[in-house]
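**Q** Now for the letters of each chain:
Protein chains: 2
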Amino acid sequence: MKVVQLTSDKKKIEVVLTPALLPLYDVENSIVVVIDIFRATSSMCYGIENGAEAIIPVSQVEECIAYSEKGYLIAAERNGEVVEGFDFGNSPFSYTAEKVAGKTVVLTTTNGTHAIHLSRQAKKIAIGSFLNLSSLSNWLREQNENVLLVCAGWKNKVNLEDTVFAGAVVDKLRNDEHYKIDDSAIAAADLWSLAKDNLGAYLAKTSHSERLKKLGIEEDIAFCLNIDITSAIPVLDGEKLVKF
Amino acid sequence: MKVVQLTSDKKKIEVVLTPALLPLYDVENSIVVVIDIFRATSSMCYGIENGAEAIIPVSQVEECIAYSEKGYLIAAERNGEVVEGFDFGNSPFSYTAEKVAGKTVVLTTTNGTHAIHLSRQAKKIAIGSFLNLSSLSNWLREQNENVLLVCAGWKNKVNLEDTVFAGAVVDKLRNDEHYKIDDSAIAAADLWSLAKDNLGAYLAKTSHSERLKKLGIEEDIAFCLNIDITSAIPVLDGEKLVKF
Numbered sequence: 015m016k017v018v019q020l021t022s023d024k025k026k027i028e029v030v031l032t033p034a035l036l037p038l039y040d041v042e043n044s045i046v047v048v049i050d051i052f053r054a055t056s057s058m059c060y061g062i063e064n065g066a067e068a069i070i071p072v073s074q075v076e077e078c079i080a081y082s083e084k085g086y087l088i089a090a091e092r093n094g095e096v097v098e099g100f101d102f103g104n105s106p107f108s109y110t111a112e113k114v115a116g117k118t119v120v121l122t123t124t125n126g127t128h129a130i131h132l133s134r135q136a137k138k139i140a141i142g143s144f145l146n147l148s149s150l151s152n153w154l155r156e157q158n159e160n161v162l163l164v165c166a167g168w169k170n171k172v173n174l175e176d177t178v179f180a181g182a183v184v185d186k187l188r189n190d191e192h193y194k195i196d197d198s199a200i201a202a203a204d205l206w207s208l209a210k211d212n213l214g215a216y217l218a219k220t221s222h223s224e225r226l227k228k229l230g231i232e233e234d235i236a237f238c239l240n241i242d243i244t245s246a247i248p249v250l251d252g253e254k255l256v257k258f
Numbered sequence: 015m016k017v018v019q020l021t022s023d024k025k026k027i028e029v030v031l032t033p034a035l036l037p038l039y040d041v042e043n044s045i046v047v048v049i050d051i052f053r054a055t056s057s058m059c060y061g062i063e064n065g066a067e068a069i070i071p072v073s074q075v076e077e078c079i080a081y082s083e084k085g086y087l088i089a090a091e092r093n094g095e096v097v098e099g100f101d102f103g104n105s106p107f108s109y110t111a112e113k114v115a116g117k118t119v120v121l122t123t124t125n126g127t128h129a130i131h132l133s134r135q136a137k138k139i140a141i142g143s144f145l146n147l148s149s150l151s152n153w154l155r156e157q158n159e160n161v162l163l164v165c166a167g168w169k170n171k172v173n174l175e176d177t178v179f180a181g182a183v184v185d186k187l188r189n190d191e192h193y194k195i196d197d198s199a200i201a202a203a204d205l206w207s208l209a210k211d212n213l214g215a216y217l218a219k220t221s222h223s224e225r226l227k228k229l230g231i232e233e234d235i236a237f238c239l240n241i242d243i244t245s246a247i248p249v250l251d252g253e254k255l256v257k258f
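If you're matching them up, the sequences are chains P and S in order.
Here the first sequence is numbered in the numbering used here, starting from 15 and rising by one per residue.
Here the second sequence is numbered in the numbering used here, starting from 15 and rising by one per residue.
Hints are not guaranteed to be accurate.
The list makes no distinction among identical chains, and a pair is therefore deemed to hold if it is satisfied within one copy or across any two copies.
[Stated by the list, open to error] Keeping only pairs whose Cα atoms sit at most 27 angstroms apart, straight-line, the calculated DSS-like set for lysine-lysine is:
(1) Lys219 - Lys194
(2) Lys228 - Lys26
(3) Lys210 - Lys25
(4) Lys25 - Lys219
(5) Lys194 - Lys171
(6) Lys25 - Lys194
(7) Lys169 - Lys137
(8) Lys171 - Lys186
(9) Lys210 - Lys194
(10) Lys194 - Lys138
(11) Lys186 - Lys219
(12) Lys228 - Lys194
(13) Lys26 - Lys219
(14) Lys25 - Lys228
(15) Lys210 - Lys171
The set of hints was computed from the structure by calculation and includes no laboratory data.
Please read all numbers here as calculations on a predicted model, not as lab measurements.
Using the sequences plus the hints, can you model the full thing?
**A** Right, here's the structure in full:
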């Protein structure tokens with residue numbers, strides 16, 4: 015027999031469309047999922063899946079350098095090129111088992127690190143991307159907590175790829191009647207419904223996509239739109255992302 | 015012969031999904047359209063269309079009272095009821111020609127006033143609603159300026175009705191190749207494409223709509239979704255909204 019829950023027992027799923035809006039939400043009583051589809055959180059999911067012991071997200075190339083002295087792999091790009099002296103850039107193709115298994119990688123990502131930093135007070139911080147969509151959604155359902163899907167965006171503005179992914183997660187969870195969803199989540203899920211049959215074509219019209227094309231990373235972008243090719247859930251433990 | 019414009023000549027159309035994001039945009043070099051569909055900007059459009067000399071938006075009931083001594087009509091509601099001693103509430107049905115022609119009305123609206131206040135530095139501030147959609151869009155095209163469509167939202171969070179209306183304006187202007195649109199504008203226009211064939215049903219699923227239903231103002235809501243029943247463009251002149 016199905017137990018009917020009272021409204022007050024419902025958990026919330028809310029989409030925070032940019033980190034600038036995070037102060038409006040109850041971060042302390044939520045699990046935060048950080049989303050930075052092109053390319054930070056996709057690379058993190060792929061790296062943790064492929065056996066990286068940990069991934070440390072930092073915002074500045076200079077911070078990376080300090081870590082290299084500890085023997086960590088360091089990844090940094092500027093204008094689409096690997097920074098001289100670094101092990102690799104931010105392409106998900108750098109996070110294969112061959113390269114990262116058993117290692118700790120320090121990754122530079124401005125928008126992603128910003129979103130993680132602002133979410134510090136959350137009950138848990140997890141990392142989402144199309145790569146781990148289903149396993150992330152199942153894991154969230156098991157946690158039975160309020161969920162904040164935090165889009166890293168672009169310099170605090172909204173971007174379509176992070177929003178559409180947030181909508182994909184909402185879509186996975188929304189039929190579960192113990193969740194209550196807000197207007198941002200409805201909007202994101204509706205955008206996902208328009209995008210899902212041809213994600214690449216849908217996202218090709220964004221301005222961000224134009225910018226990424228100029229960087230010559232079309233293959234990275236296509237890779238980041240692969241759905242459910244990983245199952246690991248990276249979660250934050252101190253300063254490090256590790257496998258849950 | 016069509017003149018081909020350089021990219022740098024393109025004007026921008028951006029959707030500011032909540033006033034909290036306004037600091038990220040170039041307000042000074044833009045025309046701002048303030049959007050608060052349920053019900054402030056709908057009532058403003060209707061009142062100006064119906065011959066109100068001016069409408070003064072304020073955020074507090076107490077400010078309204080000070081204006082009543084100047085002989086202005088004052089409109090204020092709390093919890094869906096007209097405040098005692100006030101001429102009427104915020105229902106658009108209070109803004110008929112019979113009631114407002116030739117008069118100045120002071121209207122309380124928290125979210126709408128907040129959005130207008132934050133937009134003070136704009137080249138012009140205009141008021142948008144479904145009631146004046148086409149005339150507003152045509153007017154914007156004639157102005158040939160950057161456009162910021164500012165959704166008043168709900169306590170700085172995103173709401174669906176303001177977003178969908180912003181999308182309707184984007185949809186009217188987007189085929190004009192001298193505009194460049196951002197990701198928020200793409201998202202809003204796509205939501206409009208899902209909503210436009212049955213706006214009432216689409217918006218019925220929002221949480222805001224639930225709240226408004228409890229206030230017993232379903233008729234107001236249905237009225238605010240009438241498209242193109244007015245043609246006046248309310249614009250801000252000092253503290254007053256007047257007909258452009």
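**Q** For each hint, tell me whether it holds in the structure or not.
**A** Hint check:
In this assembly of identical chains, Lys219 and Lys194 lie within 27 angstroms of each other by CA distance solely across copies; the values are 12 angstroms between and 31 angstroms within a copy. Taking CA atoms no more than 27 angstroms apart as the test, Lys228 paired with Lys26 passes between copies only; the shortest distance there is 21 angstroms, against 39 angstroms inside one copy. For the homomeric pair Lys210 and Lys25, the shortest alpha-carbon distance inside one copy (26 angstroms) is at most 27 angstroms, but the shortest distance between copies (31 angstroms) is not. Taking identical chains as interchangeable, the C-alpha atoms of Lys25 and Lys219 lie at most 27 angstroms apart only when they sit on different chains, with a minimum of 18 angstroms there against 34 angstroms within one chain.
Taking the closest pair of Cα atoms, Lys194 and Lys171 come within 27 angstroms of each other both inside a single copy (25 angstroms) and across two copies (16 angstroms). In this assembly of identical chains, the alpha carbons of Lys25 and Lys194 lie at most 27 angstroms apart only when taken from the same copy (6 angstroms versus 39 angstroms across copies). In this assembly of identical chains, the alpha carbons of Lys169 and Lys137 lie at most 27 angstroms apart whether taken from the same copy (25 angstroms) or from different copies (24 angstroms). Within a single copy, Lys171 and Lys186 get their C-alpha atoms as close as 25 angstroms, and across copies as close as 23 angstroms, so both meet the 27 angstroms cut-off.
Proximity of Lys210 and Lys194 under a CA criterion of 27 angstroms is satisfied in both settings, with 23 angstroms inside one chain copy and 25 angstroms between copies. With identical chains, the CA atoms of Lys194 and Lys138 are at most 27 angstroms apart within one copy only, with a shortest distance of 20 angstroms there and 39 angstroms across copies. Taking the shortest alpha-carbon separations for Lys186 and Lys219, both the intra-copy value of 25 angstroms and the inter-copy value of 18 angstroms come in at or below 27 angstroms. Taking CA atoms no more than 27 angstroms apart as the test, Lys228 paired with Lys194 passes between copies only; the shortest distance there is 18 angstroms, against 40 angstroms inside one copy.
Taking the closest pair of Cα atoms, Lys26 and Lys219 come within 27 angstroms of each other only across two copies (16 angstroms); inside a single copy the shortest separation is 31 angstroms, beyond that limit. In the homo-oligomer, the alpha carbons of Lys25 and Lys228 lie at most 27 angstroms apart only across protomers (22 angstroms), although the nearest pairing inside one protomer, at 42 angstroms, exceeds that limit. Proximity of Lys210 and Lys171 under a CA criterion of 27 angstroms is satisfied in both settings, with 23 angstroms inside one chain copy and 26 angstroms between copies.
Taken one by one, the earlier hints all hold for this structure without exception.
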